Structures are given as structure tokens and as C-alpha cells.
Amino acid sequence: MKYRIRHSLQNYHSIGYLHGDEGRNCADVIDCSLGINPLGFSPRITQEVFLEAYDRIYAYPDYPYEGLRRCICQYMESVATITPEQVRFYGGSMGAIWNINKLLIDEKTCILTFIPGFSSTLSDMRSLGGTIDAVPLTEKDRFLIDIDQLIYHLKPQHHLVYLDNPNNPTGQVIPIEALRRLAHKALAQDTYVLIDEAYGEFMPLENSAVTLIAEYPNVLVVKSFSKGFGLAGLRTGYVVMHPDFIPYMSHYPGEMTVNGIASAILPVALSDMDHLARSRQIMAENKRQIINCLTELNVSVTDEETPILLLYTSQTLDLYQLLLSQGIKTERGEDFDGLGKAYVRLRIPATVTECITRLGRMQKLLANDNR
Numbered sequence: 001m002k003y004r005i006r007h008s009l010q011n012y013h014s015i016g017y018l019h020g021d022e023g024r025n026c027a028d029v030i031d032c033s034l035g036i037n038p039l040g041f042s043p044r045i046t047q048e049v050f051l052e053a054y055d056r057i058y059a060y061p062d063y064p065y066e067g068l069r070r071c072i073c074q075y076m077e078s079v080a081t082i083t084p085e086q087v088r089f090y091g092g093s094m095g096a097i098w099n100i101n102k103l104l105i106d107e108k109t110c111i112l113t114f115i116p117g118f119s120s121t122l123s124d125m126r127s128l129g130g131t132i133d134a135v136p137l138t139e140k141d142r143f144l145i146d147i148d149q150l151i152y153h154l155k156p157q158h159h160l161v162y163l164d165n166p167n168n169p170t171g172q173v174i175p176i177e178a179l180r181r182l183a184h185k186a187l188a189q190d191t192y193v194l195i196d197e198a199y200g201e202f203m204p205l206e207n208s209a210v211t212l213i214a215e216y217p218n219v220l221v222v223k224s225f226s227k228g229f230g231l232a233g234l235r236t237g238y239v240v241m242h243p244d245f246i247p248y249m250s251h252y253p254g255e256m257t258v259n260g261i262a263s264a265i266l267p268v269a270l271s272d273m274d275h276l277a278r279s280r281q282i283m284a285e286n287k288r289q290i291i292n293c294l295t296e297l298n299v300s301v302t303d304e305e306t307p308i309l310l311l312y313t314s315q316t317l318d319l320y321q322l323l324l325s326q327g328i329k330t331e332r333g334e335d336f337d338g339l340g341k342a343y344v345r346l347r348i349p350a351t352v353t354e355c356i357t358r359l360g361r362m363q364k365l366l367a368n369d370n371r
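Under the numbering used here, the residue at position 112 of the sequence shown is numbered 112, and the numbers go up by one with no gaps.
Simulated from the structure, these hints should not be mistaken for laboratory data.
Since we're looking at a predicted model, the values are computed, not measured.
By construction, the Cβ of each residue, glycine as well, lies at the ideal position given by its N, Cα and C atoms.
Hints should not be assumed to be uniformly reliable.
What the hints assert, rightly or not - Taking lysine-lysine pairs in the DSBU-like style, the calculated list, with each CA pair at most 35 Å apart, reads:
| no. | residue 1 | residue 2 |
| --- | --- | --- |
| 1 | LYS341 | LYS108 |
| 2 | LYS341 | LYS364 |
| 3 | LYS341 | LYS102 |
| 4 | LYS155 | LYS102 |
| 5 | LYS341 | LYS155 |
| 6 | LYS102 | LYS2 |
| 7 | LYS140 | LYS341 |
| 8 | LYS185 | LYS140 |
| 9 | LYS2 | LYS155 |
| 10 | LYS102 | LYS185 |
| 11 | LYS108 | LYS140 |
| 12 | LYS108 | LYS155 |
| 13 | LYS185 | LYS108 |
| 14 | LYS155 | LYS185 |
| 15 | LYS155 | LYS140 |
| 16 | LYS140 | LYS2 |
As the list claims (entries may be wrong) - Label-pair distances were calculated between CB atoms; the ranges are:
| no. | residue 1 | residue 2 | range |
| --- | --- | --- | --- |
| 17 | ARG278 | GLN47 | 19 to 27 Å |
| 18 | ALA134 | MET256 | 32 to 40 Å |
| 19 | ASP141 | GLN289 | 48 to 56 Å |
| 20 | CYS110 | GLY16 | 19 to 27 Å |
Using the sequences and the hints given, assemble the complete structure.
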């Protein structure tokens, strides 16, 4: 059988950090890998709330999720006025991005972005034939994001600009005024700006690019319940778009992508701003302690409240495997564009005492190797 597949996939290699391999489920390993809220979900999501939703799993979900859409609008109302029609749900933020990519990207579509960034998005864009025009963040600047560098490289041939904010893997937050300058320049040449806010609940709500949508119809914002809300298992993400873009996004309507249990639980999560504030506060304190213990490892520029950061060393070694040998599971640097084995992304754990102890042991090994 001669299998025929999409032309753009014939020499394509997927990049991502879902390996399903060693360490993640071992009892003695501290899991600092996948991006979640290590503090879990809102205490308002009780067993009673879950059981009430469970009793209705015989029925189809309440598509098109009018109640949940209104809850999103209420969640954003202190910083932006949006209507339920501007919100579209998909299976996680990645599901939302896949559908946007299918809508906007064809062979030879040119996409401008920073690297490193969320590798699965760039990989999916390449699978559709898109060409990634990457502006690398540099080690000499500790991977500092300078949006004016991206604006400088923005050209008319760029159909789309993609950014994750906060940045994954560094945990940097791009200020909203910088994004406004980018959106303004992009709009003048009819270029889309896609902002992935999967980690967006770990930055102030007023920094969300949703605040730009009314003024800039070229801006699309993707958000998730997996990270800040602590509901990764429910696999729900959504797009917020300008009203003029609704007919185009309707080509991929996301029918029944949110299951009945999720559609019942998510409004409860959206009602608990205290949980988000507490999560940011604890992550900030834990992150400070992690950074302060680093003597042999370098850390990228990062925001204090985001639960991820990029660690790296000048030594030629596999930092992921070295950390795993000390019982710390991270994400491999080589799974991000522009990085290699001397880098890892570490997600801050709920408690840090044992993690700091193990980092200390590992750094002693590095110090001895440097002698």
C-alpha cells in the first residue's frame, strides 16, 4: 500500500515535550514537568458539585454553552467588554490553536515568532506547510523578550505573529503596552496577532490581550483552564475574537468539544478569584526560594508569579537527565526550538523544601565537574 498524506508532512518531524517516559509517575520523583497549577483547583469545586454534574452524563452537553460563555464575559468584565458570541470553546488551548492554524495557515504561510516558545504550536504550524520566521531570544541577554525586536522584523509577508504570554518556557510576561504596539503595526499590514495565554491566569487580568480586541480586529487570544484554574484534566480552552472574525472562526465551530461535566464545573472555577490570587502568591514565594538556591545553574529572565522558568548551564551535559538522577522531573530543553540538552524548563512545585535539597545535591555535582 502506498500511503498518501499531506505534502507538507512528507519531511515533517513533530516537536513537543509529551514523551510519556521515565520518572513522571515514580513515587520518589518530584514532578516539575507539565504545566499545571500544583495547588490544584478551587475548593469551591466540591464532590457535591462534581456529583451533580455526574448525574447528567447520560445527556449531551449544553452546546453552544451559552451559560459558560456568559461566565467568561463576567470573568473579563473588569478589564474588557466582550459578548458571548466572541467566545469559542475547544479541547484545551492546544485544540483552539489547532483550529486557528487550520483556518489561517496554508503551505508557504509565513509566521513570525520568538523562540524559544511553545513548541507544539510551531510544530502544528509547520505540519500545515507554514514557514516559521523565528527571532531567537539569546542567552547573553538571559532570554529577555524585547517586543521591539519582533516589530523590527515584522514584514508584509508575515501573515501571522504568534506569541505565548506568559512565555513558555521562560515564564516572562510581556507588558500589554508592548503588545499594543505590536498589534498596531501588524494591523497596518493586515497581519494577525495570535496570543496564547495558556499561563495567563498567572499574570494580572488587565495584562490580557483580550483588552486589545475591541480596538484591534487582527488580535486573537487563546486561553485555558488547565494552568491557573488547575483543571488540566477537563481539557478545555477557548478563543476570544473580534466580532468581525466570528464568521471565519465559525468554519470550525467546536461542536460538543466541552463535555457535560466540564461545562458544569468551569463556571464554579471562574467564580473563585481568591484561588487564583492565592496560587499566584504561593507560586511567587516558592519561585523566589528556588531561584535563590541556584549557585551553579543559570536562570532566564522570568516573572515572579508564573510557575515556570528556564534553567541552563554552560557545561556540555544533559541537564534533564542529571536532574532526573536526583529525582526531579522537568521538561527537556531540546523539545523547545532554539534550545538543547543543557537547558530544562522547571515548573515550580507546591512545596519546595525537598526540591531545593535535591537541587543542592545536583549543583554540587556540577561544581565538582567544573574543578
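We went through each hint and held it up to the structure:
At most 35 Å may separate the alpha-carbon atoms for a hinted pair to count; LYS341 and LYS108 meet this at roughly 30 Å. With a C-alpha separation of about 19 Å, the suggested pairing of LYS341 with LYS364 holds against the 35 Å cut-off. Restraint check: the Cα-Cα separation between LYS341 and LYS102 comes to about 32 Å, which is no more than 35 Å; the hinted pair holds. The suggested pairing of LYS155 with LYS102 holds, with an alpha-carbon distance near 22 Å, which does not exceed 35 Å.
For the suggested pair LYS341 and LYS155, the alpha carbons sit about 33 Å apart, so the restraint of at most 35 Å is met. Straight-line distance between C-alpha atoms of LYS102 and LYS2 comes to about 26 Å, which keeps the hinted pair within the 35 Å bound. The straight-line distance between the Cα atoms of LYS140 and LYS341 is roughly 18 Å, inside the 35 Å bound, and the hint therefore holds. For a cut-off of 35 Å, the pair hint linking LYS185 to LYS140 stands: about 28 Å separates their Cα positions.
For the given pair, LYS2 sits about 40 Å from LYS155 by alpha-carbon distance, which is inconsistent with the 35 Å threshold. Between LYS102 and LYS185 the CA atoms are separated by roughly 24 Å; this keeps the pair inside 35 Å, and the hint holds. With a C-alpha separation of about 32 Å, the suggested pair LYS108 and LYS140 falls inside the 35 Å cut-off, and the hint holds. Restraint check for LYS108 and LYS155: the C-alpha separation of about 15 Å stays at or below 35 Å, so the hint holds.
In summary, the hint linking LYS185 to LYS108 is supported, as the alpha carbons are separated by about 22 Å, within the 35 Å threshold. Taking the CA atoms of LYS155 and LYS185, the gap is near 10 Å; set against the 35 Å cutoff, the hint holds. The hinted pair formed by LYS155 and LYS140 meets the criterion: a straight-line CA distance of about 26 Å does not exceed 35 Å. Taking the CA atoms of LYS140 and LYS2, the gap is about 49 Å. The hint is violated against a cut of 35 Å.
At roughly 21 Å, the beta carbons of ARG278 and GLN47 sit within the given window of 19 to 27 Å. A hinted range of 32 to 40 Å holds for the C-beta pair ALA134 and MET256, which are about 36 Å apart. Here the CB-CB span from ASP141 to GLN289 is close to 25 Å, at odds with the stated 48 to 56 Å. Remark: the range hint 19 to 27 Å for CYS110 to GLY16 is upheld by a beta-carbon distance near 22 Å.
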